[in-house]
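Visitor: Residues per chain are reported as follows:
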Amino acid sequence: MGMEDDILKDFLAEAKENLELLDQQFVELEQDPENEELIKSIFRTIHTIKGTSGFFGFTTLEGIAHFAEDILSKLRDGIIKVNEDITTMLLQSVDYIKAIVAELEASGKEPVETEYLDFIVDLRNFAERIAKEASGETASSEEDEEGENAEQKEEQAVKEEVKEDAKSQEEQEDAQNKEDIKAVKPEEKAEEQPKEKSQAKSKTAKKAPARKPAPTTTHLTESHVRIDVHLLDQLMTLAGELVLSRNRLTQLANQLNDPEFLTANQRMSLVVTELQEQIMKTRMQPIGNVFNKFPRIVRDLAKTAEKKVQLRIEGAETELDRSIIESIKDPLTHMVRNSIDHGIEPPEIRVQKEKPPVGTLTMKAYHEGGQVIIEIVDDGAGIDPDKLRKKAVEKGLITEEQAEALSDREALMLIFQPGFSTAEKVTNISGRGVGMDVVKTNIEKLGGTVELLSEVNVGTTIKIKIPLTLAIIPALIVTSHGQRYAIPQVNLVELVHLNPKQMDKDVQKIGNSEFYRLRGEILPLIRLRNVLRLAEQDSNTLDEGMNIVVLNAGGHLFGLVVDSISDSEEIVVKPLGSHLKHIPVFAGTTLMGDGRVALILDVVGITSSAAAGDDSMKHGTVVSTKTVEDDHQFLLLCTIGPEEYFALPLALVNRLDKIKATDLEFVGGKEVIQYRGHSMPVIRLENYLPISPLPEQDEYHLIVFHMNHKDIAFLVSQIDDSLDLAIDVEEGTFKQDGILGSAIIKDRTTLFLDVYQIISMHDPDFFTQEELYAPVPARILLAEDSTFYRNLLSSYLTGAGYEVVEAEDGQKAWEIFQSDQFDLLITDIEMPRMNGFELTRKIRSEGGNKDIPIIAVTSLSGEENRQRGLEAGIDDYQAKLDRDQVLKAVADLLQKKTLETAA
Amino acid sequence: MTQTNETLPAVEKKGNVVEMAIADTSQFVTFYYDKHFFGLPIDDVIEINRTLDVTPVPMAPKYVSGVVNLRGQILTAIDLATRIGLLCKKQDQEDGKEYNNVIMGNREEPISLLVERIGDVMSIPTDKIEPPPDMIEGIDLKYVGQVCKLDNKLLIILNSKAIECTENKKQNG
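Read top to bottom, the protein sequences are chains P and B. Counting in the working numbering, the first sequence runs from 2 upward without gaps. Counting in the working numbering, the second sequence runs from 35 upward without gaps.
Derived by calculation from the structure, the hints in this document are not laboratory data. All figures in this text were calculated on a predicted structure; none of them were measured in a lab. Cβ atoms here follow ideal geometry from the backbone N, Cα and C, with glycine treated the same way. Hints should not be assumed to be uniformly reliable.
[What the hints assert, rightly or not] For the chain B half of the interface with chain P, some residues (derived, Cβ under 7 Å), not all of them:
no.: 1; residue: 78
no.: 2; residue: 82
no.: 3; residue: 92
no.: 4; residue: 98
no.: 5; residue: 101
no.: 6; residue: 108
no.: 7; residue: 140
no.: 8; residue: 143
no.: 9; residue: 144
no.: 10; residue: 200
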């Protein structure tokens, strides 16, 4: 119950602060009427007051703020210009608002004097007149007089109307007041309670209760005080200094070796440590402090909007720096309002859409990769990127061509533009297009980012990432070249230590790349020393083996080779200075126990930096705005001869090896090699592709695949590198059997090998023994936007005997689906125009063949996606590159379907 | 960086000294690097610190020696010589030569300027302060605010804004 009190207190405190600022800003504005930032800032302040007073039901205050905002919005949009009249009127509004706020603070109620209502009327007339003047500027002078007359009349009418309004407002207020009493009472109670307690303590006080004038003293007994954060900062700095002095003292004590001094120093030492810890804690707060205010806000907002919303809060215990918590409160409120107002549909509509009538709004917080992530997820109507495009063009924010060029994701970001509002009409809750731009500015001020993901009719997710200036994360401390580095634990998968013997066996150094076979999987290795461009490790320490930290960088695993691995510690993240912020491999710094600094590694930054290599960084690799994140893939790059460049997905590769030319044998017309006790077929690519033949070399490189329980290898001249890339292949020029397409990688045209097809070309029977799940002849519709994957999937599906029809996105697939008959659908998740979830839902809800088995394929696996997929009606979920699994899933589903139809 | 002046607490005590001194002199913190003699306006300097441990930051711009821990605040340490283009024997640094830290700049993000030797705080009559000459050997003039000819040497008054500024991160990064 105390929540409303809290909010009211916060509101009043904030309002007072802002109002002081307003006075100053208005004066500045008069001097600098063109200053848009200033107008925007004033507008937001007033908007906040309006919103909050609406929430509390302070109608007079809301009224004044509303009309003032009206005027300001015209100023902001440049419809009118600041003049003395306007400033005077606005300043008056501020004065009235101040008076009301003062009254609210004193009595918890709005003043009821007619003075205020009169002012609302004046203000409204003024606002109308300004609006007319602005729109009527083009009107001819002849009409002027008449116009003025009419205007006056109208004004009169308005005045009456408003008075009525005001009256009804008054009535409403009365009603509200009655309700308010409920709200106000707890406040009184809250004030009384401590008083009662203190009274209970001393009986004398109980006997003479009148002696102490209660309300003022009770405030003083509160167990919490507001402290300026700067003061806390200072305290922390001083504590740091104390620690350093203590360290010095400890050194001296050890030198002097006086037992008494040592003991005294030891005791002080303890206290200092404790002190430092406690001071640190003062700044950390669970985000629950903010989240806890939302159940009520959501409930009330939902009620106003006549919607049913259920709020779920997760991760309320996540600790965040206090100052950040303060600053995210408003943005969060804005976003929650938006979600309820625009996102979640009214119950009737939800029922029509076959959703539960009660919408769900989830707020969650967690630490990830040294950042705090806050998500606001609703299962409402979602945001239609096309609508946004149209709106943005209408509002003149962008041109039509620009709108066309925007990807859906970019289009969604339009919502963060100032002056952009998606609501069809201006409503009380979300206002007129402030909101999202404010949210963005506020979060960017904290050095954070906002991301918006939305799917029409499924819902919207707003993801806020805030760097934690002070958040505490667990991290692993490693050493390289004598320096310590911290790796956020969230990225950590496992630690591997190899002795020199294992290194020889399982680590393969090929070209510039190294790989380690971790339980059969090929793990690219990145040496921290190379990434940081430090000197190579001494060869004698190399004899001690190798320390590999297996890390997960957004779905891919890689091994980071470090000199040594120390402890895991809780570290306090501190930002890097502006001179160093741009270095991608560092996420921040932290202080170690001994007072020295350690750098925090950015795991994703390391992969991109290592992938790009030293110099190739500038020659942008294959990056395309069209490719979605989901198409990132580790690629193996190899060459044949000096001029033929090839790439293939590293995930398909089982091993890499080197062989001597003399080891190659011809058996039965095919080339084979003795490999690990077996005779393994070896494929020369020039036999199947129109390329120059593999030149004679003393040593060749082998790329070994393990498929269908057999080994088979490609013979190449050189293995160059492995890269983590967004794949965007062009098929045109090089499309032929065995080639999936081409792309420019590191300034070279590189061909993407179709491994499955080449193997089939070499040995048509290679895959046939696996006919355990022999394909029933079937027609498969394949929806996939990436040319590379589409060709790959199509190739091995066709190879397995299926008929495949390709579609380059969900929309296309839907069109084909309606006009044709298929036995199975395989769809990518992330696609432009219509994604895999939407496509599935569409088919499941309205298709003629709505029971068709659907397999979703992705290059990333994630439990969240899987869950969403299952909810959308997807039957199975597979990794694109896992041919065997995909084929098995296809066969299983087809078989199941046949059984079902038979039954 | 721009709006910090307003948020600064009241002028430091040192500031009062300035006010009390005769109106037309300015005070400078001076220091040496190699054979050059430098000064910074006293208001731009927050404190002077003897040796702080510099933690190197790989891949940082050349002029950044690393980061230092100043009572829990982590500051970027900028090597004066490299920053202003002094041709200095770089190996000095690797030999573990000790540097003094001049903590300067704004309070939001101070930086630590590494210099060889700290000199005195000097009061200099304003009329003796001149714009820099067209050229000073071995120094990028962008970082020089003004100069002052002393009896036997030239005091180079540094432009602290230019030193703090991150603009050339691209060419070094």
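Visitor: With reference to the structure, classify each hint as holding or not holding.
Guide: Going through the hints against the structure:
1. 78: 17 Å, violated
2. 82: 15 Å, violated
3. 92: OK, holds: residue 92 (chain B) within 7 Å of chain P, min 4 Å.
4. 98: Nearest chain P Cβ about 5 Å off; hint holds.
5. 101: 5 Å, holds
6. 108: Holds, about 5 Å.
7. 140: 11 Å, violated
8. 143: For residue 143 (chain B), the interface hint holds, since the closest Cβ of chain P sits about 6 Å away, which is under 7 Å.
9. 144: Violated - the Cβ of residue 144 (chain B) stays beyond 7 Å from chain P, reaching only about 9 Å at its closest.
10. 200: 5 Å, holds
Violated hints, listed in ascending order, are 1, 2, 7 and 9; each of the other numbered hints is respected by the structure.
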